[in-house]
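With the sequences and hints as input, model every part of the structure.
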Amino acid sequence: MKTSGGSDAMKRRAGESAAEAVTDGDVVGLGTGSTAAHAIRRLGDRVDAGLDIRGVPTSFASRELAAEEGILCLDLPEAVGPDGPGIDLAIDGADQVATGSDGADDPVSGGALIKGGGAAHAREKLVDAAADRFLVVADPSKESPRLDRPVPVEVLPAGRTAVAAAVREAGGEPTLRRAERKDGPVVTDNGNLVLDCEFGEVADPAALSATLSSIPGAVENGLFVGLADEIHVGTESGVRVDEV
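Just so we're aligned: 54 in the UniProt record's numbering is position 54 of the sequence shown, and the numbers increase by one with no gaps anywhere.
There could be a bad hint or two in this list.
Unchecked claim - Here are the in silico distance ranges between beta carbons for each label pair:
hint, residue 1, residue 2, range
1, D24, G238, 37 to 47 Å
2, T23, C73, 25 to 35 Å
3, D204, R240, 25 to 35 Å
4, A210, N190, 40 to 50 Å
5, T161, V241, 37 to 47 Å
6, R168, A49, 44 to 54 Å
Hint data in this document are derived by calculation from the structure and do not stem from the laboratory. Just so it is clear, CB atoms sit at the ideal spot from N, CA and C, and this is done for glycine as well.
As structure tokens, this is what we get:
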């Protein structure tokens, strides 16, 4: 369930803007998706110019791109373990960003995200939550007053039916995500399945996230609440940076 949206130029501006926030010696969480990929490529250019950083990839795809760009990578346990350096900042995209009810300040939903279009949200949430700062990169098509896209939920294969039933009890309608170029379902890097759960407009993302997290067999959901520090939005003429 990958999302389409703004132009590649907008995505590139957002990704490159966030990449400029990285300083020498940083450990950087490397997100997944087309906008985050622009950030990784810009970091690769800066590494070629002498920048000394290490990356913590959130998916197989981001690790592969980082390797192509000459970015030395750490596994998450290496970065955040007892003797690890920690993660200074993470750069990642979003499928939807809540701007607040009717564009106004909304302490309940403003700055909340839906992620998981690339089925990497479990690892993304681990990395983004561990980072000292989390920079979101997006284009204007991803912004909405409130979240209303289906919420991805990664589930253990054996728990698929039970999790789907619990989602329905919570007011959602789950759909098993199917692969696009092969028969069968999408399988995550963790070996699990993904249910895309339609709840309509999400008035309280934190409450819904807590409900989904409490379901046995649900590994992680795509609601990211209270994690973002900055939103870098690429536009036709530049980049708008919003603090959360």
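Okay, the hints, checked on the actual structure:
1. Between D24 and G238 the Cβ separation comes to about 25 Å, which falls outside the hinted range of 37 to 47 Å.
2. Taking 25 to 35 Å as the suggested C-beta distance range, the pair T23 and C73 does not conform, at roughly 18 Å.
3. In this structure the hint that D204 and R240 lie 25 to 35 Å apart at CB holds, the actual value being about 26 Å.
4. As the Cβ distance of A210 to N190 is approximately 21 Å, the hint placing it in 40 to 50 Å is violated.
5. For T161 and V241, the hinted distance range of 37 to 47 Å is satisfied, since their beta carbons lie about 44 Å from each other.
6. Distance hint check for R168 and A49: the Cβ-Cβ separation is about 53 Å, which falls inside the suggested range of 44 to 54 Å.
In summary, the numbered hints that this structure violates are 1, 2 and 4.
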